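As you go down the protein sequences, you meet chains U and L in turn.
Per the numbering used here: the first sequence = residues 1 to 115.
Per the numbering used here: the second sequence = residues 1 to 113.
The set of hints was computed from the structure by calculation and includes no laboratory data.
Since this is a predicted model, take the numbers as computed values, not measurements.
The C-beta atom is built at its ideal place from N, Cα and C for all residues, glycine as well.
Among these hints, one or two may not hold up.
[Said to hold, decoys possible] Chain L stretches covered by chain U per the calculated footprint, using a threshold of three residues with CB under 8 angstroms from any CB of chain U:
id	region
1	42–53
2	65–74
[What the hints assert, rightly or not] Partner residues are not named here, just some residues of chain L that face chain U (Cβ under 8 angstroms, in silico):
id	residue
3	Tyr31
4	Gly58
5	Pro61
6	Phe90
7	Gly107
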Amino acid sequence: GENVEQHPSTLSVQEGDSAVIKCTYSDSASNYFPWYKQELGKGPQLIIDIRSNVGEKKDQRIAVTLNKTAKHFSLHITETQPEDSAVYFCAASNGNTGTASKLTFGTGTRLQVTL
Amino acid sequence: NAGVTQTPKFRVLKTGQSMTLLCAQDMNHEYMYWYRQDPGMGLRLIHYSVGEGTTAKGEVPDGYNVSRLKKQNFLLGLESAAPSQTSVYFCASVARFSYNEQFFGPGTRLTVL
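Just chain L, with the same shape it has in the complex (with noise of 0.2 angstroms):
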């Protein structure tokens, strides 16, 4: 099993353009996280999905989208990309009947100019 892959793993955008993160998981989990992290502030829920088809907002979800149209996958959308989304960003799934056990992907580390 591959486990959680996340693509790309390196990504700089000018200011006011948008892209996609791509988080896939291969170990048929119901639950799929995004985070960003930056320096001294530890990981950051941006968007949280229970379940193919589902969404929700977490701590920090302004000028991010998400979507969850395969249960494998959990997309990350930047519409108009800001210098404050400069981050490393970590995908994490879970299975539906453990207790919160997240497993991370190996993070996108993106720049905005």
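This is chain U alone, in the form it adopts within the complex (with noise of 0.2 angstroms):
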């Protein structure tokens, strides 16, 4: 089955500084890579994602890569701020609509962004 690790287990940069997580996925057939962000105490919530067909994917100060060939996906987060502060977790997935498929995830990222 897909195997997915996340580093580093923990990341604390300043406010306004960059933040940057890595996965690495075994399955070469995943085909859709989300990233969740889960605040203290809630569930976790989508907050990009990205499938096998393109190389990155951008949302405002939100940005995920895939390298198909090396089996890795990366989010980047620029300009962070405090109420980015949360755990992260990537995942792997393969399916097409129509069909359900099982997420595999990461073991998550705890955020920390500092003043």
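Starting from two chains that each stand alone, build the complex the way the hints lay out.
So, in structure tokens, the structure goes:
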């Protein structure tokens, strides 16, 4: 089955700096890579995702890159703000619309943005 | 829309007791999932359902049972709770024609003494 590794487990940055979280996956058939943000006491919330037919996707201060050859993908947060402090999870799955597929999650990165 | 809701929010059980966790979604999603979240281990899939009346095992199904009698509800049961089942449980749902964009509930924190 799929195995997703995520690094680092904790990350502390100063407000305004950039943060990068990296994930690797093992199953070359995986084609969907979402990132979730989990605030304290809440469920994970999807913040951005990327499919295997693109190499990069950006949404305001958040971007995700995918390298299919190396089987790794990364989350980039620019101009970090205190409200970005949370636990971030990467995930991978192999599926298509109209079929149920299972997400395999990384172990999470606790991001702390300090003033 | 309330999205995905879970009840209860917190529960403490003694070893051997049973309980049922309820997940409800009002988005008319076909697929529903139960996960457990433990420190340092991310989210692990327990069971999932692709539609009313159907269920399937995930990565860590032992000690749990599920039922999907109505499309909007997905129940997770613990027949005889064990301390190893102390965890935070999350439910998620997915629309059939999405690419697996999962919407999560707020979680249930379960402690088994």
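Outcome of the hint check:
For a cut-off of 8 angstroms, the count of residues in the region 42–53 of chain L with a CB near a CB of chain U stands at 6, and the three-residue condition holds. Coverage of the region 65–74 of chain L by chain U is violated [criterion: at least 3 residues with CB-CB distance below 8 angstroms; count 0]. Given the 8 angstroms rule on beta carbons, the hint for Tyr31(L) holds: about 4 angstroms separates it from the nearest Cβ of chain U. Using the Cβ-Cβ criterion of 8 angstroms, the hint placing Gly58(L) at the interface with chain U is satisfied: the shortest such distance is roughly 7 angstroms.
Given hint, Pro61(L) at the interface with chain U, is violated; its Cβ is 12 angstroms from that chain's nearest Cβ, farther than 8 angstroms. For Phe90(L), the interface hint holds, since its Cβ comes within 8 angstroms of a Cβ in chain U; the closest pair sits about 5 angstroms apart. Interface restraint check: Gly107(L) against chain U, minimum CB-CB distance 5 angstroms, threshold 8 angstroms, status holds.
Hints 2, 5, counting from the list given before, are not met by this structure.
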